[in-house]
Amino acid sequence: MSKITLKNITHIYDKRVKAVDNLSMEVDDGKLVALLGPSGCGKTTLMRIIAGLIYPTSGDVYFDEDRFTDIEPERRNVAMVFQFPVVYATMSVYENLAFPLRAKKLGEEEIKRKVKEMAEFLELTPYLEMKAGKQNAAIKQMTSLGRAIIRDARCVLLDEPLTNIDPHSRLILREKILRYRAEKKQTIVYVTHDQSEALTLGDKIAVMNNGILLQYDTSRNVYERPASSFVAYFIGNPGMNLIECAFKKVGSKIVFESDGIKVSLPYELAKEVEKETSGKVVLGIRPEHIELSKRKVEEGMLGTCVLFEDIGITKVLNLQLNGTKVRAKNPEFEVEVGEKLYIRFPEERLRIFNSKGEIIL
Amino acid sequence: MNKSKTSSNIIYVILVLIVLVWTLLPIYWTVTAAFKSRIEVVAWPPTFIPEKPTINWFIEVWYDRPNPNYYANSILAMIGSTIIALALGIPAAYGCARYTFKGRQDVLFTILTFRFLPPATVVMPLYLIGRTFHLIDTTLFLSILYGGMNIPIITWVMLSYFREIPVELEESYQIDGYTRFEAFRRVTFPLARPGMVAISMLVMAFSFGEFLFASILTTSPVAKTLPVSIAEYMGGEWGYMWNQMAVLTTYGLIPLIIIFFLVRKNLVRGLTFGAVR
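Protein sequence lines, in the order shown, are assigned to chains A and B. Taken in order, the first sequence gives residues 20 to 380; the numbers are from my numbering. Taken in order, the second sequence gives residues 755 to 1031; the numbers are from my numbering.
Keep in mind that the hints were calculated from the coordinates and are not lab data. Note that the Cβ used here is the ideal one computed from N, Cα and C, for glycine as well. Among the hints, a few may not be true.
Claimed, not checked - Simulated DEER-style distance windows between Cβ atoms:
1) T88/A / P845/B: 23 to 29 Å
2) L197/A / D860/B: 47 to 53 Å
3) V773/B / I90/A: 54 to 60 Å
4) Y853/B / D83/A: 47 to 53 Å
5) T29/A / G963/B: 52 to 58 Å
6) K299/A / D860/B: 40 to 46 Å
7) L190/A / R1023/B: 34 to 40 Å
8) I90/A / R852/B: 17 to 23 Å
9) N183/A / F870/B: 40 to 46 Å
10) A201/A / P944/B: 50 to 56 Å
11) D860/B / D83/A: 41 to 47 Å
12) R852/B / G49/A: 33 to 39 Å
13) I1008/B / E91/A: 31 to 37 Å
What the hints assert, rightly or not - Below, simulated BS3-like cross-link-like pairs (lysine-lysine); rule was C-alpha separation at most 25 Å, straight line:
14) K133/A / K50/A
15) K150/A / K1019/B
16) K1019/B / K153/A
17) K856/B / K37/A
18) K22/A / K195/A
Unchecked claim - With the C-beta cut set under 7 Å, the calculated list includes, among others, these residues of chain A facing chain B:
19) A70
20) I73
21) Y74
22) E93
23) F101
24) V105
25) P119
26) A122
27) L125
28) G126
Full structure from sequences and hints, please.
Okay, here's the thing in structure tokens:
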């Protein structure tokens, strides 16, 4: 159980493709960090660099205070679960679980005890004597997880472990991972492209895109104070509404305007935007924070509902405000397609990004 | 529907019969000729079953000329060349399948080009090279040549084989605490074994039956091979000695048949790999 430190990691494939770009982060001992990002953002590459399966083009990997950058994977004592369930097909489930223990040359009695314990924890006992290759994907992945966590590794790397198994087993496996973490206080890096997985599992979330670490923070902060417009849009379902606006100072207020949108904020609150020389910023508001009303409200903007989706737990409305489209989410609001609505963006919920996508407010 | 199924079955059976006759009849013909008398082997109309079967030819061929030596040379060259081809071809294939390096495609293509050359064009240069290094009339030289000629096919077949084996399996081994070599030995090698067996069979059959190089590069019982010996039964004072040739061919079939039976399970899996996945 170690702290993982990555310092200025850059990895370039074939001298052309930059998969990870000058990335630094720390994973504290005993914490679960979810590495989140779209496909091809470099998260799996980063994982493999931590495991030692690839050596970074530049930068360093530390476990606690020791530099491990050039150490072979077999000497790192890092455990990893891959996206596709990897089991040693010709061996029994028992032998699969015992495998890393044999590499450590433990005694047969101890191996037996540990395997039994692990099998009970993962509910694999009925399968122990069966060939691992003959099991379904869920049992295989469970076996593969067991093989990873049976020894006391420095840290456990999980590379989208739930992607390729059925929804029911997914819940069981997720629960096992959480229980294991709670009991062992193990350092875990969990790669996923599923934000709900990341938000529920992670102590901290690292959002990546194009090999760059965009934000590394708690779920709450990533959600409420996204560091950039990419994170704002990527997190949330649907993501944050992003509206490009012109702004000007009117009296003691700053007014943001776009086609069909007009929002004003107190000058004191929003004066930072004046640094933006282009005269344009991006206004962000989460769909669930938009206030809807069928009656006229103060500062309300008029819009038409063009699509209404009832997804059971909540309702998603696509609204047209002249030339601007906005999505709103509200669990109770019922409306007909084509109906006119008054829409208000509460000022404390508004986020403002500059033209480069960095957050200002 | 039922009718068309029956008729397609009939066509299938007929096709199988044609293939069987095509491959087995020459073998049958040769083996029976080994048991016929000198008259019967050229008799018209031909006999399908030897009228007075004899094993005299088998004894004569074994003692008359140094055929046991030739036989042993053939087997040695076969084993030697297969070992050489596998020892060089498999690492080449594995390297190209698992690592990206500059000029990988060029390496693979270059290996393939060795197969483009008609053997007859290189026999004379090879003879001169062999003479310089005192390798003429040695089984070693034949093994090296046959091995070299088969490296391309082994490399290319095993390349696609290795590419089909997920790299995660090896990585998982490494993460579980084993070295990369160990991972290859314990995961990839067993999975690729059917392919290696199948391709080795082809290499063996090629090396055992090769005639051109052997006829020019070997001169004495020290290194001469079975095919060369068979050819020497053509012509001379006795004319075409069909019985002796048939006997030697029959002897020659034995090792390949034995090997085939030993590895037949792997062979079928090896040849259908990829097709059934």
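Each hint tested on the structure:
1. T88/A / P845/B: 23 to 29 Å: At 28 Å between Cβs, range holds.
2. L197/A / D860/B: 47 to 53 Å: Once the Cβ atoms are compared, 51 Å apart, the range 47 to 53 Å for D860/B and L197/A holds.
3. V773/B / I90/A: 54 to 60 Å: 57 Å, holds
4. Y853/B / D83/A: 47 to 53 Å: Because 31 Å falls outside the window, the suggested range is violated.
5. T29/A / G963/B: 52 to 58 Å: 56 Å, holds
6. K299/A / D860/B: 40 to 46 Å: Once the Cβ atoms are compared, 52 Å apart, the range 40 to 46 Å for D860/B and K299/A is violated.
7. L190/A / R1023/B: 34 to 40 Å: Once the Cβ atoms are compared, 38 Å apart, the range 34 to 40 Å for R1023/B and L190/A holds.
8. I90/A / R852/B: 17 to 23 Å: Given a distance of about 20 Å, which is inside 17 to 23 Å, the answer is holds.
9. N183/A / F870/B: 40 to 46 Å: 43 Å, holds
10. A201/A / P944/B: 50 to 56 Å: 39 Å, violated
11. D860/B / D83/A: 41 to 47 Å: 45 Å, holds
12. R852/B / G49/A: 33 to 39 Å: 35 Å, holds
13. I1008/B / E91/A: 31 to 37 Å: 48 Å, violated
14. K133/A / K50/A: Holds, because 24 Å separates the two Cα atoms, which is no more than 25 Å.
15. K150/A / K1019/B: The hint holds at about 20 Å.
16. K1019/B / K153/A: Holds, at roughly 20 Å.
17. K856/B / K37/A: 18 Å, holds
18. K22/A / K195/A: 22 Å, holds
19. A70: 6 Å, holds
20. I73: 10 Å, violated
21. Y74: At 13 Å from the nearest chain B Cβ, Y74/A fails the 7 Å test, so the hint is violated.
22. E93: 5 Å, holds
23. F101: Holds: closest Cβ of chain B sits about 5 Å from F101/A, inside 7 Å.
24. V105: 4 Å, holds
25. P119: 4 Å, holds
26. A122: 3 Å, holds
27. L125: 11 Å, violated
28. G126: 16 Å, violated
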